[in-house]
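Q: Protein chains in written order, with UniProt numbering: chain A, 1 to 230; chain B, 1 to 239.
By construction, these hints were calculated from the structure, which means they are not laboratory data.
It is possible that part of the hints are untrue.
Here are a few chain B residues that sit away from chain A, every Cβ distance over 12 Å (derived from the structure) [stated by the list, open to error]:
#, residue
1, SER48
2, PRO104
3, PRO237
Below, simulated DMTMM-like cross-link-like pairs (lysine to aspartate or glutamate); rule was C-alpha separation at most 25 Å, straight line [said to hold, decoys possible]:
#, chain 1, residue 1, chain 2, residue 2
4, A, LYS189, B, GLU231
5, A, LYS59, B, GLU231
6, B, LYS101, A, ASP194
7, A, LYS128, A, ASP6
8, A, LYS189, A, ASP20
9, B, LYS101, B, GLU90
10, A, LYS189, B, GLU200
11, A, LYS59, A, GLU117
12, B, LYS101, A, ASP6
13, A, LYS128, A, GLU117
Derived list of chain B stretches under chain A, where covered just means 3 residues or more per stretch with a C-beta under 8 Å from a C-beta of chain A [stated by the list, open to error]:
#, region
14, 135–147
15, 172–180
16, 196–210
Everything numeric in this text was worked out from a predicted model, so none of it was measured.
The C-beta atom is built at its ideal place from N, Cα and C for all residues, glycine as well.
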Amino acid sequence: MFSNFDFGVILNSWRYLFLDGMTFTLTLTALAAVGGVILGTLIAMMRLSGLPVLPQIAKVYVNFMRSLPLVLVIFWFYFLVPYIGQWIIGAERPIQVGAFSSSLITFTLFEAAYFSEIMRAGIQSIPKGQAAAASALGLTYWQSMANVILPQAFRNMLPVLLTQTIVLFQDTSLVYVLSITDFLGAASKIAQRDGRLVEMYLFAAVVYFTICFIASLLVRRLQRRVAIIR
Amino acid sequence: MNYNWNWGIFFEASPEGTGTYADMLVSGLLWTILTALCAWVVAFTIGSVVGVLRTLPSRAAQAVGNAYVELFRNIPLLVQMFLWYFVLPEVLPESWGTWLKQLPNAPFYTAVVCLGFFTASRVAEQVRAGIQALPRGQRMAGTALGLTTAQTYRYVLLPNAYRIILPPLTSEFLNNLKNTSVALTIGLLELTARARAMQEFSFQVFEAFTAATVIYIVINLLVVTVAGVIERRVAVPGR
Chain A
1 MFSNFDFGVI LNSWRYLFLD GMTFTLTLTA LAAVGGVILG TLIAMMRLSG LPVLPQIAKV
61 YVNFMRSLPL VLVIFWFYFL VPYIGQWIIG AERPIQVGAF SSSLITFTLF EAAYFSEIMR
121 AGIQSIPKGQ AAAASALGLT YWQSMANVIL PQAFRNMLPV LLTQTIVLFQ DTSLVYVLSI
181 TDFLGAASKI AQRDGRLVEM YLFAAVVYFT ICFIASLLVR RLQRRVAIIR
Chain B
1 MNYNWNWGIF FEASPEGTGT YADMLVSGLL WTILTALCAW VVAFTIGSVV GVLRTLPSRA
61 AQAVGNAYVE LFRNIPLLVQ MFLWYFVLPE VLPESWGTWL KQLPNAPFYT AVVCLGFFTA
121 SRVAEQVRAG IQALPRGQRM AGTALGLTTA QTYRYVLLPN AYRIILPPLT SEFLNNLKNT
181 SVALTIGLLE LTARARAMQE FSFQVFEAFT AATVIYIVIN LLVVTVAGVI ERRVAVPGR
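Taking the hints into account, I'd like the entire structure generated from these sequences.
A: Below you can see the structure in the form of structure tokens.
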């Protein structure tokens, strides 16, 4: 079955695949995860704030993002970001936004909705008494969040946050629809150039599988280690 | 923003000559719904079997179930789509491959199978969790009543487990529905693909995507409402 396969195509293109493609994928994943967790935490805090209007805004944002397919959101931002940029800096015409910035904005905003649900659960997992104790000690809202609530919430939710980051890593492959050279995009370009679809897509699958499988094993191990014994 | 809005665009004829742009989006919507429903049937069937495998006493059955879930969860959906569409016909015996390639509506069948197998791994996780959430006494009671393992699952464990996991299954169904859009990469003319085509033909980017967005949100609300009704219908009284 593999007799007429040419796996040499992978050897010839590995620099392009990994130095261009995988670097893009990993950078995008890391930055979008950090941005998404920060923004997601802020959204979760809005949602739990008990102030007027803010919780509703947060809820609408999260439900809105979660009911749209990522592919549609990628298209949306690809066309919308130039106009928003123009509006912000008051330029005459829609500004040019690179493929990387456009996908980074998309993934940060999209994943923030998912991360915020995780962080909401994390904040809610901290007993109410702790927030009460913090304010009794004279800490402000931001001090008690930064020093008491959030560190524990992150610790509790770390495995879930990392699992979501693995999902994000897989989802970044969808930038393919914008013809961006991420890992899959690079594999696909080589595949089409050399007419080696079978080898390249199988190889891409093996690489994604290996990375995600090992990462999820590590997350599971971490989960056992950080679990707080109650 | 110097963008020329034109909301009347939906009633203009599309260059495909088969009606208006609105018709184009509606046909996309129908493909999305059809693909999602067919894929869900596959996902629910395989997912239930795999989920049950993972709760059986047999170590071998558990290993098969776990291997399935790991395999389908750790490869991006888009890559799986390409594997089914581009790779499978090449690695099968030649006559089968040719038959597959000549299949009418190949993107649709590929999307159904691919999404079905992919979503099945998620359904399996839920089914396993649902079965394991049941008190151990239920399985023992089944055995004590003289039921076989198959009967215990059929009459005791699964009816309870499905009720517990109805909310997460609803969100898996919604994911499955949204994931149909990934099939645009293999040429399925579903809703997102149609909105994208409308944008390319008419240059009315934001009208096209707004329409698709509204449609997705409405379907989501409908599914959530229907799931709520089902949940109340099947709830065990007194629990």
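Q: Would you mind marking each hint as holding or not holding in the structure?
A: Results for each hint:
no. : hint                   : verdict
1   : SER48                  : holds (23 Å)
2   : PRO104                 : holds (22 Å)
3   : PRO237                 : holds (30 Å)
4   : LYS189(A) to GLU231(B) : violated (47 Å)
5   : LYS59(A) to GLU231(B)  : holds (23 Å)
6   : LYS101(B) to ASP194(A) : holds (20 Å)
7   : LYS128(A) to ASP6(A)   : violated (61 Å)
8   : LYS189(A) to ASP20(A)  : holds (12 Å)
9   : LYS101(B) to GLU90(B)  : holds (9 Å)
10  : LYS189(A) to GLU200(B) : holds (23 Å)
11  : LYS59(A) to GLU117(A)  : holds (10 Å)
12  : LYS101(B) to ASP6(A)   : holds (22 Å)
13  : LYS128(A) to GLU117(A) : holds (18 Å)
14  : 135–147                : violated (count 0)
15  : 172–180                : holds (count 4)
16  : 196–210                : holds (count 5)
Violated hints for the displayed structure, listed by number in ascending order: 4, 7 and 14.
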